[in-house]
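Engineer: Quick mapping for you: the protein sequence lines, in order, are chains A and B.
So the first sequence is numbered by the numbering used here: it starts at 1 and just counts up by one.
So the second sequence is numbered by the numbering used here: it starts at 1001 and just counts up by one.
Zero decoy hints are in this set.
DEER-style ranges, computed between Cβ atoms:
hint : chain 1 : residue 1 : chain 2 : residue 2 : range
1    : B       : 1085      : A       : 32        : 46 to 54 Å
2    : A       : 152       : B       : 1159      : 23 to 31 Å
3    : A       : 41        : B       : 1010      : 37 to 45 Å
4    : B       : 1024      : A       : 17        : 12 to 20 Å
5    : B       : 1157      : A       : 77        : 51 to 59 Å
6    : A       : 15        : B       : 1173      : 38 to 46 Å
Which chain B residues stay away from chain A? Per the calculated CB distances, all over 10 Å, these:
hint : residue
7    : 1072
8    : 1076
9    : 1154
10   : 1167
11   : 1182
12   : 1187
Only pairs whose alpha carbons sit at most 25 Å apart, straight line, appear in this in silico BS3-like list of lysine-lysine:
hint : chain 1 : residue 1 : chain 2 : residue 2
13   : B       : 1198      : A       : 56
14   : A       : 108       : A       : 56
15   : B       : 1127      : A       : 70
16   : A       : 90        : A       : 125
It should be emphasised that the hints constitute simulated quantities derived from the structure, not laboratory data.
All residues carry an ideal CB built from backbone N, CA and C; glycine is no exception.
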Amino acid sequence: MSKFKKNNVAKSQEISTASLPDIVFMLLFFFMTVTVMKEEALKVENILPSATEIKKMEHKDRIVYIYVGKPTQNYVHIVGEEPKIQLNDKLANVSDVGPFVLAEIAKKPSHLRGFVTVALKVDKKANMGLISDIKQELRKVNALKINYITYEGEEIVN
Amino acid sequence: MARRAGAPEVSAGSMADIAFLLLIFFLVTTTIETDAGLDRMLPPMEPPTEQDVIVKQKNIFQVSINKSGQLLADGELIQLNQLREKATAFLDNGGAPSGTEDYCKYCKGKRDASSSDSPSKAIISVKSDRETKYSTYITVQNELVGAYNDLRDRESQRLYKKDFTAMEAEYLNPETDKDVKEELKEKVKRIQALFPQKLSEAETSTSN
Chain A
1 MSKFKKNNVA KSQEISTASL PDIVFMLLFF FMTVTVMKEE ALKVENILPS
51 ATEIKKMEHK DRIVYIYVGK PTQNYVHIVG EEPKIQLNDK LANVSDVGPF
101 VLAEIAKKPS HLRGFVTVAL KVDKKANMGL ISDIKQELRK VNALKINYIT
151 YEGEEIVN
Chain B
1001 MARRAGAPEV SAGSMADIAF LLLIFFLVTT TIETDAGLDR MLPPMEPPTE
1051 QDVIVKQKNI FQVSINKSGQ LLADGELIQL NQLREKATAF LDNGGAPSGT
1101 EDYCKYCKGK RDASSSDSPS KAIISVKSDR ETKYSTYITV QNELVGAYND
1151 LRDRESQRLY KKDFTAMEAE YLNPETDKDV KEELKEKVKR IQALFPQKLS
1201 EAETSTSN
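So that you can see chain B by itself, here it is in the shape it has in the complex:
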């Protein structure tokens, strides 16, 4: 006789607790991660050509890392914290005399004739040992990219009163407006052309 007025009501009071439990479970187990890192292009595998491309020795900045993590930059033993400065000086040198086609108007370096001709000719080559620690290698790469970014920031400040890294980040951000993107693309391209990133990944040498 008690069940006269239809089915009994189920209490919804514990619903919130159940939902909270699920919510907390998902909060704990999932991570919203965006990966970040250093972008690099590998050189394509080309069939051996008869003609070797000749690059002048003075246009190459050779960085070697040995297995204990010591650095040799252009024949000089240096510390990691000096690397950025050295690389910047090399890239910004602009050694070609004025009037020649390689002359670099925007370079502020020493214009040393025995160092790189112009930023577009300058190549940085990184060579590592098989036993070199990956973290050391990344640190070196980071410093070299840093040197490029410093110079690009400088030019970007001069031309557009804005940091290159900020512009690039805005350009790569998917939320940026399309029109803004087009405009940024041009600027980013122009700055990149002033200091093209030429980092050569030489094959590792085997010790002994």
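So here's chain A without its partners, still in its complex pose:
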């Protein structure tokens, strides 16, 4: 009896940490697979307005993004301060919107082409003039499904 007790006091049980790397790697792979890296850097300011009556956009593979806003600090001295359109990673003009959207739709698999939504990510300081020009361009190429991306929240802060 005394022998047993002595042994117990001298050495407290250690938990093996050998499986810790495995657990952490598992978490790591989980995050690596579920997250999507941002493809392009934003060249325009993009603080979206907020709204309450919004719908979530599922099916990420059917969305074409268009960004609009004032160019960021690095580009102000090149393109000026007026709000600009960003398509993929390039700053573009209104006339480029139509061809861009058609090209993006053509890249999608054929069974999805009919369901493509154009998501407009527009800075809240932008003017409606530019937006309606973009809408006209979209109508010309028959891309009629659009979505004004917003944050969720009370609209009073706008």
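Keeping the supplied structure of chain A fixed, place chain B upon it in accordance with the hints.
Structural biologist: Frame of chain A, contents of chain B only:
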């Protein structure tokens, strides 16, 4: 003589630290984002037809936003927080007399003969200036969609004891079961038919 018993073991003790470092890097740099926003259909570009579609003036609710963000709804200067109420009253009016084909049984409005005939005839038209701020425009759109959602919720509560917005969200959720989806689709379609969303996107006017 020391390396007699095969290759020396590499210590795996720091493996956890390395993995943690990577994990934290990925946690910080990536974002799981789902975008949400206001869905809208643009009117198709149609060749000019000889016959103009005639819509009665009383069936149009005209909302104009000027460049300083002021609102004009049906010729009246109003505040943003009044817009939803006004739009709801207009949509829910049901002015067509009973017995005619446009008569709206489920409307609870004033049945004012000088306002919209029925929800399916009622059109809301939004007009903005080129200088109007985008945030103002979105707020107006949000209020109008809100008016539709309020009315649809009301009808949905009456018919199915459930909010329309909740049903729609469940229908759009990819994790929803297929059978449930089919059932919801029918209900959603029916409610949408009661109050079809007719928001017209008029072209912007140029100031001066």
